[in-house]
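K.L.:
As a plain string of letters, each chain reads:
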Amino acid sequence: MQSKLIQIAGLVLSIAFAAFIIWIYATEPRTFKEVTTSAEVAAGTYEINQENFNSALSLFRREQFRAARDEWQRADPAQRDARTQFYIAYSFYREGWGRVYFDQELFKQGVEAVNRAIALSPASPLTIEDPDLHMHTAAELKAELEQGLERSWSDVNPLKVLRTRK
Amino acid sequence: MTTTDTNNRARNRALLDFVVLPFLFLTVALLGGLRIGAESRTFIFITPPLATLLFAVLLMLLLVRSGLLRFQQWIGSDLPPLTNVAHIWLFVTIFFASAQAFNSVLPERGLLHWLFSFCFLWTLWNNQFSSFDSRRLLRSLAILFGTAFVIKHMLLASLYSPEGGLLKRVAGTLLQGVALDTPIFAPATGYIAFFTLALYITGLILLAFCTDERGSKPQMNTDLIGVHLRL
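Going down the list, the sequences are from chains W and E.
Counting in the working numbering, the first sequence runs from 1123 upward without gaps.
Counting in the working numbering, the second sequence runs from 2 upward without gaps.
Treat each hint with caution, since some may be false.
[To be verified] Which residues of chain E face chain W? A partial, calculated answer using Cβ under 7 angstroms:
1. A15
2. F24
3. L27
4. L156
[To be verified] Computed, partial: chain W to chain E, Cβ under 7 angstroms:
5. I1128
6. Q1129
7. S1136
8. A1140
9. I1144
10. R1152
11. T1153
12. W1219
13. Y1223
Since the hints were made in silico from the structure, they are not lab data.
Being a predicted model, the structure only gives us computed values, none of them experimental.
We put the CB at the ideal spot given by N, CA and C, even for glycine.
Next up, chain W with everything else stripped away, as it sits in the complex (with noise of 0.2 angstroms):
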């Protein structure tokens, strides 16, 4: 009886051993900070760290967009915050805007943290209500950045000094 209990213990220690090794294989983690973070997604207590958060706020609203980003990512390592993720690429969005050319590569980065906000947010369409922004809605701040990347005449038209940052 008691080698029938240790066989069944042992296939469902050594089951959840394995799991966990395809796990740590498939999210590859680098520290063991980052395990631990991983877990916390899996485990679905994952949250962000607001004190980074608000403070990332304030220097995006100082213009201090590489310094914003550097606290947001401190504030979401493990990019799972779609609120975060939507200010990271607002962040790119700002930095990369230009009155006469936007940066391609800030604008590629802010495509690809704009993605992540909106695969974060399946459900329901991600709005973020903040008035110092422009554009409110991931959706919109996607096409932006998306046209931002296309090449067409209308770039060497002298009249688009005029337009306003969103």
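Could you slot chain E onto chain W? The hints should help.
P.N.:
Here is chain E on its own, set in the frame of chain W:
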């Protein structure tokens, strides 16, 4: 032998078969693909390349031929279903541990990856046609993995280390113009690989003890009969 002795023996054997060995082999499967980045000092998990799965299949065949794994005794219609499932699970863990043991000593890419792969394939393929018992196979595997470990984690690591000495200069001269394209990892990677291989070989040794205790025919007799039949 008293009933208590028999019970203890059965319990210990169950612990070894169904708890210790699967956990040991799964730990090998976890650590076999783990490397530590040279500059970032972060974890890098390398999934087993397809070649290592092929090596693991060949090694499983060898383990069966040498009598370390006894399918007919461990899996059968006369055994309880749970025991069959537990034994199949043990085989699965051994398979992945074998693949990861090869992964830990196989250079990740470049010319050396193919050279090592060819050597492993050649050795394992040749061994399929040799007569083996469990002890000989264990010795052979210890030497195979030991040699690969020394070459990859000691010779090549010292060759590519930033402060490499005489060996680096000699190899640099000999291999001038040959792009080996081997990634550089932190020294901790070598320690992890050593621990992984030690665990793997320990697991196989425990498996050999476990197999001997199952009351099978003595290996020597089997060998003698085999030799007689071949004659």
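K.L.:
If a hint holds in the structure, say so; if it doesn't, say that too.
P.N.:
Hints versus structure:
Proximity of A15(E) to chain W holds as hinted, the smallest CB-CB distance being about 4 angstroms (cut-off 7 angstroms). The beta carbon of F24(E) is positioned within 7 angstroms of a beta carbon in chain W (closest approach about 6 angstroms), and the interface hint is therefore held. At its closest, the beta carbon of L27(E) sits 5 angstroms from a beta carbon of chain W; the interface hint therefore holds under the 7 angstroms criterion. With its C-beta approaching chain W no nearer than about 28 angstroms, L156(E) sits outside the 7 angstroms limit, and its interface hint is violated.
Interface restraint check: I1128(W) against chain E, minimum CB-CB distance 4 angstroms, threshold 7 angstroms, status holds. For the restraint placing Q1129(W) at the interface with chain E, the shortest Cβ-Cβ distance is roughly 5 angstroms, inside the 7 angstroms limit, so the hint holds. The interface hint given for S1136(W) holds, since its Cβ lies 4 angstroms from the closest Cβ of chain E, which is under the 7 angstroms cut-off. Against a cut-off of 7 angstroms between C-beta atoms, the interface hint on A1140(W) holds, since the closest Cβ of chain E lies about 6 angstroms away.
Hint status for I1144(W) relative to chain E: violated, with the closest Cβ pair at about 10 angstroms, above 7 angstroms. About 4 angstroms separates the beta-carbon of R1152(W) from the nearest beta-carbon of chain E, less than 7 angstroms, and the hint is met. Evaluation of the T1153(W) hint against chain E yields a held restraint, the C-beta minimum of about 6 angstroms falling below 7 angstroms. Taking 7 angstroms as the C-beta contact cut-off toward chain E, the hint placing W1219(W) at the interface is violated, the least distance being around 33 angstroms.
Nearest Cβ of chain E to the Cβ of Y1223(W): about 34 angstroms, over the 7 angstroms cut. The hint is violated.
Hint violations for this structure: numbers 4, 9, 12 and 13, all remaining hints satisfied.
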